[in-house]
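> So the chains spell out like this:
There are 2 protein chains.
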Amino acid sequence: MGDKRKQLHLNLFLMSTGHHEASWRHPNSAPERAVDVNYYVKLARTAERGKLDSLFLADSYGLPPTIKYKVLQGLEPFTLLSALAMATERIGLIGTASTTYNEPFHVARKFASLDLISGGRAGWNIVTSTGNTTAFNFRDEELPDHSDRYRRAEEFLQVVKSLWDSWEDEALVIDKQSGIYADPDKIKPISHKGDYYAVRGPLNLPRTPQGHPLLVQAGASETGKEFAAMAAEAVFTAQNNIEGGRRFYSDLKSRLAKYGRTPEEACILPGFCPIIGDTEAEAREKEQALHELTQIDYGLYRLSNLFGINLAGYPLDGPLPYADLPQTEQINSQKGRHQMFIEMARTEGLTIRQLMMRTASSRGHFSLAGTPVQIADAMERWFAEGAADGFNLMPPYLPDGLDDFVDKVVPELQNRGLFREEYTGGTLREHYGRPLPSRALLSAQLKA
Amino acid sequence: MGDKRKQLHLNLFLMSTGHHEASWRHPNSAPERAVDVNYYVKLARTAERGKLDSLFLADSYGLPPTIKYKVLQGLEPFTLLSALAMATERIGLIGTASTTYNEPFHVARKFASLDLISGGRAGWNIVTSTGNTTAFNFRDEELPDHSDRYRRAEEFLQVVKSLWDSWEDEALVIDKQSGIYADPDKIKPISHKGDYYAVRGPLNLPRTPQGHPLLVQAGASETGKEFAAMAAEAVFTAQNNIEGGRRFYSDLKSRLAKYGRTPEEACILPGFCPIIGDTEAEAREKEQALHELTQIDYGLYRLSNLFGINLAGYPLDGPLPYADLPQTEQINSQKGRHQMFIEMARTEGLTIRQLMMRTASSRGHFSLAGTPVQIADAMERWFAEGAADGFNLMPPYLPDGLDDFVDKVVPELQNRGLFREEYTGGTLREHYGRPLPSRALLSAQLKA
Ligand SMILES: Cc1cc2nc3c(=O)[nH]c(=O)nc-3n(C[C@H](O)[C@H](O)[C@H](O)COP(=O)(O)O)c2cc1C
Ligand SMILES: Cc1cc2nc3c(=O)[nH]c(=O)nc-3n(C[C@H](O)[C@H](O)[C@H](O)COP(=O)(O)O)c2cc1C
Numbered sequence: 001m002g003d004k005r006k007q008l009h010l011n012l013f014l015m016s017t018g019h020h021e022a023s024w025r026h027p028n029s030a031p032e033r034a035v036d037v038n039y040y041v042k043l044a045r046t047a048e049r050g051k052l053d054s055l056f057l058a059d060s061y062g063l064p065p066t067i068k069y070k071v072l073q074g075l076e077p078f079t080l081l082s083a084l085a086m087a088t089e090r091i092g093l094i095g096t097a098s099t100t101y102n103e104p105f106h107v108a109r110k111f112a113s114l115d116l117i118s119g120g121r122a123g124w125n126i127v128t129s130t131g132n133t134t135a136f137n138f139r140d141e142e143l144p145d146h147s148d149r150y151r152r153a154e155e156f157l158q159v160v161k162s163l164w165d166s167w168e169d170e171a172l173v174i175d176k177q178s179g180i181y182a183d184p185d186k187i188k189p190i191s192h193k194g195d196y197y198a199v200r201g202p203l204n205l206p207r208t209p210q211g212h213p214l215l216v217q218a219g220a221s222e223t224g225k226e227f228a229a230m231a232a233e234a235v236f237t238a239q240n241n242i243e244g245g246r247r248f249y250s251d252l253k254s255r256l257a258k259y260g261r262t263p264e265e266a267c268i269l270p271g272f273c274p275i276i277g278d279t280e281a282e283a284r285e286k287e288q289a290l291h292e293l294t295q296i297d298y299g300l301y302r303l304s305n306l307f308g309i310n311l312a313g314y315p316l317d318g319p320l321p322y323a324d325l326p327q328t329e330q331i332n333s334q335k336g337r338h339q340m341f342i343e344m345a346r347t348e349g350l351t352i353r354q355l356m357m358r359t360a361s362s363r364g365h366f367s368l369a370g371t372p373v374q375i376a377d378a379m380e381r382w383f384a385e386g387a388a389d390g391f392n393l394m395p396p397y398l399p400d401g402l403d404d405f406v407d408k409v410v411p412e413l414q415n416r417g418l419f420r421e422e423y424t425g426g427t428l429r430e431h432y433g434r435p436l437p438s439r440a441l442l443s444a445q446l447k448a
Numbered sequence: 001m002g003d004k005r006k007q008l009h010l011n012l013f014l015m016s017t018g019h020h021e022a023s024w025r026h027p028n029s030a031p032e033r034a035v036d037v038n039y040y041v042k043l044a045r046t047a048e049r050g051k052l053d054s055l056f057l058a059d060s061y062g063l064p065p066t067i068k069y070k071v072l073q074g075l076e077p078f079t080l081l082s083a084l085a086m087a088t089e090r091i092g093l094i095g096t097a098s099t100t101y102n103e104p105f106h107v108a109r110k111f112a113s114l115d116l117i118s119g120g121r122a123g124w125n126i127v128t129s130t131g132n133t134t135a136f137n138f139r140d141e142e143l144p145d146h147s148d149r150y151r152r153a154e155e156f157l158q159v160v161k162s163l164w165d166s167w168e169d170e171a172l173v174i175d176k177q178s179g180i181y182a183d184p185d186k187i188k189p190i191s192h193k194g195d196y197y198a199v200r201g202p203l204n205l206p207r208t209p210q211g212h213p214l215l216v217q218a219g220a221s222e223t224g225k226e227f228a229a230m231a232a233e234a235v236f237t238a239q240n241n242i243e244g245g246r247r248f249y250s251d252l253k254s255r256l257a258k259y260g261r262t263p264e265e266a267c268i269l270p271g272f273c274p275i276i277g278d279t280e281a282e283a284r285e286k287e288q289a290l291h292e293l294t295q296i297d298y299g300l301y302r303l304s305n306l307f308g309i310n311l312a313g314y315p316l317d318g319p320l321p322y323a324d325l326p327q328t329e330q331i332n333s334q335k336g337r338h339q340m341f342i343e344m345a346r347t348e349g350l351t352i353r354q355l356m357m358r359t360a361s362s363r364g365h366f367s368l369a370g371t372p373v374q375i376a377d378a379m380e381r382w383f384a385e386g387a388a389d390g391f392n393l394m395p396p397y398l399p400d401g402l403d404d405f406v407d408k409v410v411p412e413l414q415n416r417g418l419f420r421e422e423y424t425g426g427t428l429r430e431h432y433g434r435p436l437p438s439r440a441l442l443s444a445q446l447k448a
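Going down the list, the protein sequences come from chains A and B. All residue numbers for the first sequence refer to the UniProt record's numbering, where the first residue is 1 and numbers rise by one. All residue numbers for the second sequence refer to the UniProt record's numbering, where the first residue is 1 and numbers rise by one.
Extracted from the complex, chain A is given alone in its bound form:
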């Protein structure tokens, strides 16, 4: 208990009524509160009570065409996370922002502002956007292709980091007597002119508590994994079983050295949807109840969209039409998930309907129905066997799925010495054991 063993990192992937696509229909869920800030405050406080490292908001810039059948994802991340910063004290606050449909100056500044407001708890999930629903809200043009998006992302990130570094730690002088507010020699333009962006800088905010908010990414393609290896300090991934988890883990960790990074510098967090019952039978009943609320029309849409082919014409209880499916290479959106779902259906011999149900809880992430001990066992196994440094928790429905986890699984993990009993640090970087980026570090050493 509380020994110096390496511990898990836990992030709450917070999404309106939960991750099961039918969660909003669950008798205990509150879909009418999907845009109610106080609903999220309560959930964030529960997560904080559970000493979780962070909570995370996914995001896209468009309304899914399935709105008839599925609850809204929630509020806009920068505004919601700033609100949550005021209602919590320690938990990290990770927001998604796309490098394809934003300006680096705005993104650098909003995360800097959130980092200041939250006292060093901000994190950025860097995404390149995945669909035309988003694309058409910005231009009369489809999503740029995958490699173009990642090239843009690389330049975007470089600009954002330079802006965060544009103020030295000691730039603020604030001498009322002499009338010197800041030392202009310690605030430098970045004068960036690249293929995609021209940004002079400097930022109009001083260096923040973390220097750089924590960088998070979830690339699954080759390019995506290289990006993660280069930049990410926490990596989300969707893996539906421990073998896949191990493969991804060693694959990604092995890519870090190329960028002069050690394996510890990127913390790998597979998604995990725990369906918790006091007995295994109860857990299975909970899972079954959710499956029964699942809607075929929505599931067909979701799978058709992923596979790039309309599945409505094929028998539900027959196999995937493998011969008719576009190849992963032709997919411009979520290549990694595309591949995973085809593999899953093939190796497990699933019908369309079975694949739909298998992926309804968590869209292909690892999901397990069991007792708190069984859940903790699985987590410990992934952790011990090199498939995870922690987890991206995806409760199937809320608030119950989170309450159960915090009240029943967290104590079990704490008893095993696998999870903190109290927060030891104040910033998100400290929770994940990540040092401040070098400029701040240097200056902290000089002060000491």
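Don't take every hint at face value.
Pairs count within a copy or across copies, as identical chains cannot be separated in the list.
The list that follows gives simulated cross-link-like pairs (lysine-lysine, DSSO-like), each with its CA atoms no further than 30 Å apart [said to hold, decoys possible]: (1) Lys186 / Lys68; (2) Lys408 / Lys176; (3) Lys176 / Lys225; (4) Lys6 / Lys258.
In short, the hints are calculated from the structure, not lab data.
Following the hints, complete the assembly by docking chain B with the ligands onto the known chain A.
Showing chain B with the ligands alone in chain A's frame:
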């Protein structure tokens, strides 16, 4: 007291240490807290204690080159206002966003999210940006010209409003039984394709408490005033005396009819910097103390920038070099202020130094040093004589300047029946007496 007389509307223009350019050097100000959210929380709560209609954050997307001599303006508006929404209950929260350097989808969505988070207290100060310090943080190009910026603004606003209207009030069905979450027939794409923007929509948030956050603008040029007449529900303006105030007031009100609007539909709020003392002598001493902290280098920079000419070569105690000044037409930035400062210097026969001091408290806005009664007298006079529907309060230094106003001037205004004793509405629109926009109104009538 509390009778049905027409009452003033009061907005707090919240800016780090206050509006006097030397405020950060004042012994009681706290420049080290300019990026501390708790500092703003305290001020917002004071404003709410004073029953003010709203508070407002100005914004620009660049670091002023005068950072050596002048405090930062503060945190980023969307993040800060969302945080303040959690720490206050009734006061309106107005944020600035530029139509020149943003995407309409993001702006529509962030204000919608803020409106949801704050329970209907969001307002948008629509600006077109005013300088290259901002411009060069987005592209390697100067600020677009004034008329282009306003054409862009018009289309931008139209897109944002359409997005806010893209969900009907009754679109959310949320029927767990039938599995229908929303009625897609009540959520419509906007399919906008214009000269500047292509946005398909709909928004990915439902209609918010206010339908449309309150629209605020501060145009001073011909084009700017036409924009205000067409769109703004509250209008900020910089007027250094009551005559100017009256001229602007009747000018702007007379423009409304052209857009099918009555004079009541736009509330005019001149800026006002009250320097409050228990005696007139004390107020004057406070003003003098601030002037003594004013820095010539900063003032020269500010005026040179406004006039589009380097004033450093001219005698400080001589007149403005009228013959050398560019004409207002040649100015691409703040035409209105440019004209006002020239007029002020001419009619009052001011030297460069005197103009610098005259405008140091509030950059040309009306400023008055006096007792609470004298301050209230001036406000009443502007209000009674058709120069103002209320004021954009610009305390010279904070927190004292706000405390004094709330503790000493507000009760005086309340005693005169000129200002509310309690909030009567919950939303920002209600504070300003503005109805919900028509779609929401229609549906509210249908429900009744
Ligand atoms: C847990 C998780 C969360 C994600 N959140 C988002 C998100 O909020 N917005 C988004 O556009 N993409 C999101 N993605 C997609 C990834 O950013 C990425 O595009 C996807 O995993 C496919 O990888 P690739 O881009 O390398 O092909 C998420 C992926 C995972 C696994
Ligand atoms: C009280 C007040 C607040 C303003 N706030 C901002 C601001 O936050 N950001 C900005 O770019 N411009 C701001 N402006 C400038 C106006 O939006 C406008 O550009 C200026 O008054 C000149 O008018 P014109 O654009 O019609 O020439 C403000 C003006 C006033 C009077």
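> State for each hint whether it applies.
The hints, checked one at a time:
Proximity of Lys186 and Lys68 under a CA criterion of 30 Å is satisfied inter-copy only: 10 Å between copies versus 53 Å inside one chain copy. In this homomeric assembly, Lys408 and Lys176 come within 30 Å of each other (Cα to Cα) only across copies, at 28 Å, whereas the closest approach inside a single copy is 54 Å. Taking the shortest Cα distances, Lys176 and Lys225 never come within 30 Å of each other, neither inside one copy (50 Å) nor across copies (39 Å). In this assembly of identical chains, the alpha carbons of Lys6 and Lys258 lie at most 30 Å apart only when taken from the same copy (25 Å versus 71 Å across copies).
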